[in-house]
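J.: Residue numbers (the UniProt record's numbering), protein chains in the order written: chain L, 1 to 202; chain F, 1 to 202.
If you're looking for bench data, these hints aren't it; they were derived computationally from the structure.
Be aware that one or more of the hints could be misleading.
Same chains, same names: a pair is fine if it fits in one copy or spans any two.
[What the hints assert, rightly or not] Derived SDA-like pairs (lysine to any residue); straight-line CA-CA distance at most 20 Å:
| hint | residue 1 | residue 2 |
| --- | --- | --- |
| 1 | K47 | A169 |
| 2 | K47 | D62 |
| 3 | K47 | Y63 |
| 4 | K47 | P58 |
There are 2 protein chains.
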Amino acid sequence: MPAPLAFHFDFISPYGYFASLRIEALAARRGRTVDWRPILLGVSVLKVMGLKPLLDTPLKGDYVRRDVLRHARRAGIRLGRDLNAPIGNPLPAARAFCWVKQHHPGLQAEMAHALYRAIWAEGRELSTPDALATISLPAGLAPAAVAEAAAGEEAARLLRDAVAASIEAGIFGSPTVVVDGEPFWGLDRLPDVEEWLRVGGW
Amino acid sequence: MPAPLAFHFDFISPYGYFASLRIEALAARRGRTVDWRPILLGVSVLKVMGLKPLLDTPLKGDYVRRDVLRHARRAGIRLGRDLNAPIGNPLPAARAFCWVKQHHPGLQAEMAHALYRAIWAEGRELSTPDALATISLPAGLAPAAVAEAAAGEEAARLLRDAVAASIEAGIFGSPTVVVDGEPFWGLDRLPDVEEWLRVGGW
Chain L
1 MPAPLAFHFD FISPYGYFAS LRIEALAARR GRTVDWRPIL LGVSVLKVMG
51 LKPLLDTPLK GDYVRRDVLR HARRAGIRLG RDLNAPIGNP LPAARAFCWV
101 KQHHPGLQAE MAHALYRAIW AEGRELSTPD ALATISLPAG LAPAAVAEAA
151 AGEEAARLLR DAVAASIEAG IFGSPTVVVD GEPFWGLDRL PDVEEWLRVG
201 GW
Chain F
1 MPAPLAFHFD FISPYGYFAS LRIEALAARR GRTVDWRPIL LGVSVLKVMG
51 LKPLLDTPLK GDYVRRDVLR HARRAGIRLG RDLNAPIGNP LPAARAFCWV
101 KQHHPGLQAE MAHALYRAIW AEGRELSTPD ALATISLPAG LAPAAVAEAA
151 AGEEAARLLR DAVAASIEAG IFGSPTVVVD GEPFWGLDRL PDVEEWLRVG
201 GW
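If we strip away everything but chain L, and leave its shape as in the complex, we get (with noise of 0.2 Å):
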């Protein structure tokens, strides 16, 4: 059985959540399924990398909310964010993701799938573990649950070994895939990957 494409993304990335949308009839359509990794950008870029959160830089902020809103119309993905309000934090929702992928592994797709949905198209606040009890949720997670455990000290655990071992694997920017131990960074290079898994690499 092939290694899973290792998908690594943040919620708070809007090229992530584009991404999210098509890895897993990507990973398909080679015989291979995907293994969700969440990384928190505030860390790879903020502080390992020292760069300034992307829509905070200049130039490069106001071209790259030109180019999600053109994304976006494209590929007809509804967004129900406005890209200049801040998004939040992003733990609650990661921290929640990792105590699903923990102990509700065959739900990890639907979960990532939730979240993205709740902060991307529908413009939800997740800044705290209360607000994850507020959002539709897969089928099979108790809304009580899921909010307890984004507040406590395992979820926090998980996260924070994930995030520590996307550093450590180089990973820095939302989506990136891996696949067989190559990294593509980038909405742009999901191609790339599908003709990786097809040609066997060059």
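Based on the hints, put chain F in the right spot on chain L.
T.: The following block gives chain F in isolation, referenced to the frame of chain L:
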């Protein structure tokens, strides 16, 4: 007559080099020409955006080195430069280009290719005006005249004006193609540029 594609590039940018090899054919397929517009990443990235040089950025630098070699391998482009070696002072090449564009506008594409080829295919060091006289220049350009121009005040002023105009236009990365007012940043976006030209936008 439709407007030329504005091709913004820095000679120190490997992705700009890769794109420079494709932009004219792309434009020609849609009945366009190319206006070659030098930028300086040392101004946009370092001064205006407050970021670091790409290859000196933790995590990203390693990825980019790997990605540049991977792209060159796939596209069959020979790279004659060690990506870990300093690229040198970009000003003489950019100034010489501006002077040629001003005084021999019909040679601008050939001059861009000559400089890119010297730096990236041949691994030449073009940090001084005199070095420019030692590379293979377009027919019709006297090497000594190019070197003298690159050291002169007119070329410096032309480049300053070009860079100021690019910043004013929000251009920050190499390559960036602007088609009828719509900017596309990155080598990966050349297919989008072509699609935009084909369908007239989205």
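J.: Each hint needs a verdict: does it hold in this structure or not?
T.: Hints, one by one, checked against the model:
1. K47 to A169: within (16 Å within a copy, 30 Å between copies)
2. K47 to D62: For K47 and D62, only the inter-copy Cα distance (17 Å) is at most 20 Å; the intra-copy one is 23 Å.
3. K47 to Y63: between (23 Å within a copy, 17 Å between copies)
4. K47 to P58: Both: 19 Å inside a copy, 10 Å across copies.
Figure legend: structure checked against the earlier numbered hints; every hint is met.
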